[in-house]
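2 protein chains.
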Amino acid sequence: MIKNIFRFNLIDSTTIDAYAARINDEYKNGQIGYYHLPSTGLKTVDEIYVYEKSLSYIKNIVLVGIGGSSLGVKAIRSMLKSKKQKRQLYVLDNVDPQSYKAVMDDIKFEETLFIVSSKSGNTIETITIFKCILDEFKPKNLSKNFLIITDSGTNLEEFAKNNSIKVFNIPQNVGGRFSVLSAIGLVPLALCGYDIKELLEGALECKSRYIDKNDTSLMAKAYHYAIHRNAHINVVFGYCDRFREFNDWYVQLWAESLGKKKGFKRVGRTPIGLIGSSDQHSFLQLIMDGIKDKTVTFIKICESTEVAVPGISLKGLEECDFVAGLSLNRLLNAQCDATAMALVQEGLSVDILELDRLDERHVGFLIFYYELLTSAVGVMLGVNTYDQPGVEIGKRILKTMLKK
Amino acid sequence: MIKNIFRFNLIDSTTIDAYAARINDEYKNGQIGYYHLPSTGLKTVDEIYVYEKSLSYIKNIVLVGIGGSSLGVKAIRSMLKSKKQKRQLYVLDNVDPQSYKAVMDDIKFEETLFIVSSKSGNTIETITIFKCILDEFKPKNLSKNFLIITDSGTNLEEFAKNNSIKVFNIPQNVGGRFSVLSAIGLVPLALCGYDIKELLEGALECKSRYIDKNDTSLMAKAYHYAIHRNAHINVVFGYCDRFREFNDWYVQLWAESLGKKKGFKRVGRTPIGLIGSSDQHSFLQLIMDGIKDKTVTFIKICESTEVAVPGISLKGLEECDFVAGLSLNRLLNAQCDATAMALVQEGLSVDILELDRLDERHVGFLIFYYELLTSAVGVMLGVNTYDQPGVEIGKRILKTMLKK
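For the record, the sequence lines run as chains G and X. Quick note on numbering that gives the first Met the number 0: the first sequence kicks off at 0 and runs consecutively. Quick note on numbering that gives the first Met the number 0: the second sequence kicks off at 0 and runs consecutively.
With the rest of the complex left out, here is chain G:
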C-alpha cells in the first residue's frame, strides 16, 4: 500500500505515546469531525449514487467553490488523471473574469450541473460567481441544474430549500480544509465517475494503521517537525505531474492549520510543494546550498512500466545512454532516490513515501495520512489546528472599503 521510509531517526519514547493518546482523545471525543469521515462517509455512498443515477441528462459538472471547497476535489481529480472521467469537471475557484468566461464558453446550460459549495454559505467569491451564473442563463427552475453543498442551517441551505435545489450537508464539526472526504469531495467526485467507496476504504485503512493499531511512526515524524524549529519549511516533493494539485491541497492544509498566534507568540510551519524531476532544475539548488531550514518528503509511485526509454544511441550524445532500457517511471524514481541521497548527504531531514500506485484507495490513504500528520503537528505545537482567525481582518477591510 504505502510505505514510509525515514532517512532520519524517529524517537520512540513516552513523549510520543503521550501525544498519540491526545490524538486518540481528539478522535474519540467526537468534536473534530474529520476523523470520522471515512466511516460515516461510507454510509452516504448509496445516497450519492442514487442521486447520480437521476442525472442522466448531465454531461458537465461546474464546481463553484474556493479554498477547502475545491482544493481537495482538484487534488484527487488530478491524482486520478489516468482514469477517464464520466463527466467533464470544471472548477470555478476564483473571481477571475477570464477563467469564468472560459468555462461559460465551453458548456451548455441544459447539460450542466452547477455545484455551489460553501461551508459557511456566504463565501463572497462563491455567491458572486453563483449570481453571475444565474444572470448569465436566467433559469426559471433551479432544481435540475443546481446542487448546493453547505453546512446545515446556513442561509444558503435555506435558499436551496426555497428553490427546490437538492442539498448535501457537511458535518458542522468538519473544517473546510479537512472536508474532502465529506459531501464536499465525495459528491463531485462520484458524479465524475471516481470510486468514492474505495477512496473512503483507503482513508479507513490509514486511520486503522495509525489510530487503531497505533503505528507511532506518524506521530514520531510529526514530533520531528514540531521540535526542529530551525527546519520550519516542510517541502513535499512529488515525483510525477499528477501530484501538482495535491501540493496545492497540502499547502492549504499545512499553512492554514499550523500558522497561528499563541498569545503574543507566533508559530507556524511553511509548506512548499514541488514536482520531480522538473523542480530539480528549479527549487533544488536552494534546498541543497541555501539555509538549512527545510525538511523534504519525497512521494513516488512504484508501479508503472509504461514508456520504455528506447535503446537508441544518438551520435555525440552517448553520455545520455546510461538510462537506456529503463521505463520513464523507473528513471523518475531513480532521480527521486538520487536527489534524496544528495539531500541526506547534506544533513537534511528526508523521508520517502512510496505508493504502490495512484488509484482511489491509495489516494484516500494519502489524503488521510496528511490530515492526521497535520493534527499531530498541531497538537505538538500547541495551536488550534482547526480555526483560521487571521483571514477575517481582510474580509472586514474589504467590506468597509466597498461600502464607502
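Because the hints were derived from the structure by calculation, they are not lab data. Built from N, CA and C at the ideal position, the CB exists for glycine as well.
Some but not every residue of chain G turned toward chain X, in silico, with C-beta under 7 Å:
(1) Val94
(2) Lys130
(3) Asp134
(4) Glu255
(5) Leu283
(6) Glu305
(7) Val308
(8) Glu318
(9) Phe321
(10) Val322
(11) Asn328
(12) Leu330
(13) Val390
(14) Ile396
Could you slot chain X onto chain G? The hints should help.
For chain X alone, kept in the frame of chain G given last:
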C-alpha cells in the same frame, strides 16, 4: 505601464548608489548576457519570423525542455492566455510517462514541430524524451519536424547539423533561468503567434527605467530584501489565474539564483508564489498569524471591465450584495487591496505592482523587472547569482546508481 507602490520605507542612500553602480558594471562589462537580450533579441526577430513563415504545414508545437528551457515559455503563454494561439503549444518538461503519452495521443507527427531545447545539450530528461519521440515516430528525415535550441558548440548542435535540423543558439553567457528573452523563449512564442517584438520592447523599457535612467526604487527594494534576514521568505501574490505559471518561473529564478553556499556559510531567500483571491483561503492565514518571516509583493492588473457582478439579491444572502455593480476584476483588485492593508497592519513588508494590462509589452517589462531584482539581491547577498553548483551532486549519484 507598471507602477510599484511601496508600503514600507525605501532607503535612499549612498549604499544604494554604490550597489546600483555595481549592477551597472555587471551590465556594461558584458559578462552577464541576459542584460543585453532585449536589444540583441530585437535583431533576431526578423530571422525568427522568416523561419516561422516556412512552417505553414505545422499546426502544433511540442516544446521538449526542462527548467529554464520551459518555465519562461509557460509563464508567458499563461499570462497571455487571453490571446488566441496561432498554433497549439504542448510542453514536455518531465519524464512523466502519463504526461508524455497524453501529448503523443493528441498530435499528428506530420503537422507537429518538436523543439528540443537544452542549453548544455545533454540534459538527461530532454534527450531521453527526444529519443522516445524518435522511437515513437521513426522519422527518416528530421529536418521538417524538429528544431534544436542550444548553446553553440554543444554535441546537440553537432547532432542537429549532421541531421539537417535547424538550430537557434542561446548566447553562452546567458544562464538558463535568465534565458526566456533569448531564442529559448522567443522562437516557440513567435511560432505560436505572440508578438515577440513587443515583448522585447517592454523589457527594453524596463532596462531603460532602472539602468539607463537610474530609477533606484528597484535597488532599494532589493536592499530591503537583502538586509532583512528574518524576512527570508519572499511571497509573490498575483491577483488573477494567469499568474500561476509566472509564479513557477519566479520560484526557479529566485531559488536557484539566491540559494548559495558562501564558504562555510549558507545564504538564500525562499520564494513562494500565490494566486489571489483563491489563496486568501489557503496560505494567507500563515502570513497573517504565523512567524513574521515573509515579505509580500502583490501583482494586480488595472484594466478590465469584463463580467459585471449582477445586481441580483438572493433571499437570505443579502449580506453578499455589497459587491454588486463591480466588475469581477474590480472585486479581485479590491480584495488585493484589502489583503495588502491587513498585512501592513500586521507590520509585514508589502508592495504592490500595478500593471495596466497583461499584453506582450507589460509581460516583457515584468519578466525583466524580476530578473534585475534577482541580480540586485544577488549582488547584495554577495553570492554568484548565475551558477547552480548544488544540483550536480544528485546528477552524479544518479549516474553512479544506474551504471551499477
